[in-house]
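Spelled out, the chains give:
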Amino acid sequence: MNTPANPLSEIVPPVLVIPSPADEQNDPYEAGKPDSPRQLVLGLLFGVGLGFLLQKGGVAKYEVLMGQFLLTDFTVIKVMLTAICVGMIGVFSLRALGLVELHVKPARYAANIAGGLLFGVGLALLGYCPGTGVVALGQGNYDAIAGILGLMAGSYVYAETSGYLSSTIQKIGNRGGIMLPDLLGMRLAVFLALFVPLQVLGLLVMAQRAP
Amino acid sequence: MPAESGAWSPYLVGLLIGLLSMATFYFSNKPLSVSTAYARLAGMVGNLFARVHTENLKFYQDTKPNVEWGMMLVFGMFIGAIIAAVSGGEITFAWVPALWDSRFGSDVSLRLGLAFLGGVILAYGARLAGGCTSGHGISGALQLSVSSWIALACFFVAAVATAHLLYQL
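Those protein sequence lines, which keep their order, are chains H and Z.
Heads up, the first sequence is in the numbering used here, so the first residue is 67 and it goes up one at a time.
Heads up, the second sequence is in the numbering used here, so the first residue is 182 and it goes up one at a time.
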């Protein structure tokens with residue numbers, strides 16, 4: 067299924083064929099070591115940028131997020147898909163240059179599906195996601211306060227059940243940090259060469275049909 | 182281009198968020214992710230009231246409840262949102278969103294109660310799925326993570342169904 071670095075690599079741009087470092091899956095950001103002051107300042111600055119952009123994009127407005135789920139307003143998908151597409155090209159290019167490493171979350175199929183469905187129900191009830199909730203508060207939507215307290219409570223409830231979950235549902239379909247090309251048995255380069263244009267096509271169709 | 186839902190074009194905002202996520206990988210060696218910050222914050226509150234109990238929970242042994250990069254990110258987002266809303270004249274000062282009001286009325290306690298419940302379900306789901314709209318939806322998806330694309334599809338399906346139950350029945 068995995069076909070890394072095969073003879074074709076000579077004719078493919080180097081951008082897409084650098085193999086992953088062996089230790090890439092060991093996520094240092096989960097390690098519990100305190101962050102340096104520099105990292106804390108960077109986190110704050112990146113946050114200011116992200117919060118600013120989400121507000122300007124309008125995606126922290128209740129009506130816009132609910133409009134997405136009622137399929138009347140496609141702003142959220144446009145923002146997300148553009149960000150995914152640009153970030154995908156950028157991060158894989160930086161990685162090919164050896165400048166960044168990936169942090170792929172482990173696939174645990176049962177937990178991903180059950181958690182994802184629960185998340186969707188909560189998302190439509192609250193009308194803000196964890197990120198846009200804090201942005202909504204910043205732009206003066208005070209109902210986000212209740213949402214944020216709920217997010218903290220729900221996180222603690224999860225922690226209460228985390229021991230049980232890790233020995234049950236999180237063991238089902240545990241596949242580690244696999245990526246879409248692994249799943250399809252494709253080389254990363256080939257997958258990206260197909261998937262990126264597909265996303266651009268999706269954006270173009272949306273611009274046409276749901277301006 | 183017709184009037185957008187936000188002050189800026191969604192494509193421009195998406196482009197800039199994409200560039201921002203490249204920057205977090207390069208400068209901080211971290212993907213953008215938000216929801217864990219709420220869990221750490223909840224753990225800090227838990228430490229105030231039941232320290233031993235909180236420290237013994239499996240989740241908080243893996244994810245230490247302390248101020249780190251992600252929590253600073255969320256605090257920064259709050260500041261960034263204020264700057265953007267003030268500069269664009271979009272500060273709302275509202276307890277109940279207009280769309281909610283038109284469907285469920287202006288009762289503040291109903292909105293806050295269901296927003297709290299929504300937050301609880303949202304956070305539980307995010308932790309179980311392993312991330313939220315940013316961690317899975319943007320950072321995970323752009324890394325082609327299988328778990329993230331599965332989670333993202335589930336977020337969307339369940340949210341579309343729930344939104345239709347709330348507004349279309």
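In case anyone wonders, no lab produced these hints; they're calculated from the structure.
Mixed in with the good hints there might be a few duds.
Claimed, not checked - Computed from the model, here is a short list of chain Z residues facing chain H with C-beta under 10 Å:
#1 Leu201
#2 Ser214
#3 Leu229
#4 Val233
#5 Thr235
#6 Asp243
#7 Gly316
#8 Trp330
#9 Gln349
#10 Leu350
What the hints assert, rightly or not - Straight-line alpha carbon distances no greater than 30 Å define the calculated DSS-like cross-link-like pairs of lysine-lysine that follow:
#11 Z:Lys245 / H:Lys237
#12 H:Lys237 / Z:Lys239
#13 H:Lys99 / Z:Lys239
#14 H:Lys99 / H:Lys237
#15 Z:Lys245 / H:Lys99
Everything numeric in this text was worked out from a predicted model, so none of it was measured.
Glycine included, C-beta positions come from ideal geometry on N, C-alpha and C.
Hints, verified against the model:
{"no.": "1", "hint": "Leu201", "in the structure": "holds (5 Å)"}
{"no.": "2", "hint": "Ser214", "in the structure": "holds (9 Å)"}
{"no.": "3", "hint": "Leu229", "in the structure": "violated (12 Å)"}
{"no.": "4", "hint": "Val233", "in the structure": "violated (14 Å)"}
{"no.": "5", "hint": "Thr235", "in the structure": "holds (8 Å)"}
{"no.": "6", "hint": "Asp243", "in the structure": "holds (7 Å)"}
{"no.": "7", "hint": "Gly316", "in the structure": "holds (7 Å)"}
{"no.": "8", "hint": "Trp330", "in the structure": "holds (7 Å)"}
{"no.": "9", "hint": "Gln349", "in the structure": "holds (7 Å)"}
{"no.": "10", "hint": "Leu350", "in the structure": "violated (12 Å)"}
{"no.": "11", "hint": "Z:Lys245 / H:Lys237", "in the structure": "holds (23 Å)"}
{"no.": "12", "hint": "H:Lys237 / Z:Lys239", "in the structure": "holds (15 Å)"}
{"no.": "13", "hint": "H:Lys99 / Z:Lys239", "in the structure": "holds (17 Å)"}
{"no.": "14", "hint": "H:Lys99 / H:Lys237", "in the structure": "holds (26 Å)"}
{"no.": "15", "hint": "Z:Lys245 / H:Lys99", "in the structure": "holds (9 Å)"}
In terms of the numbered hints stated before, the structure departs from hints 3, 4 and 10, listed from lowest to highest.
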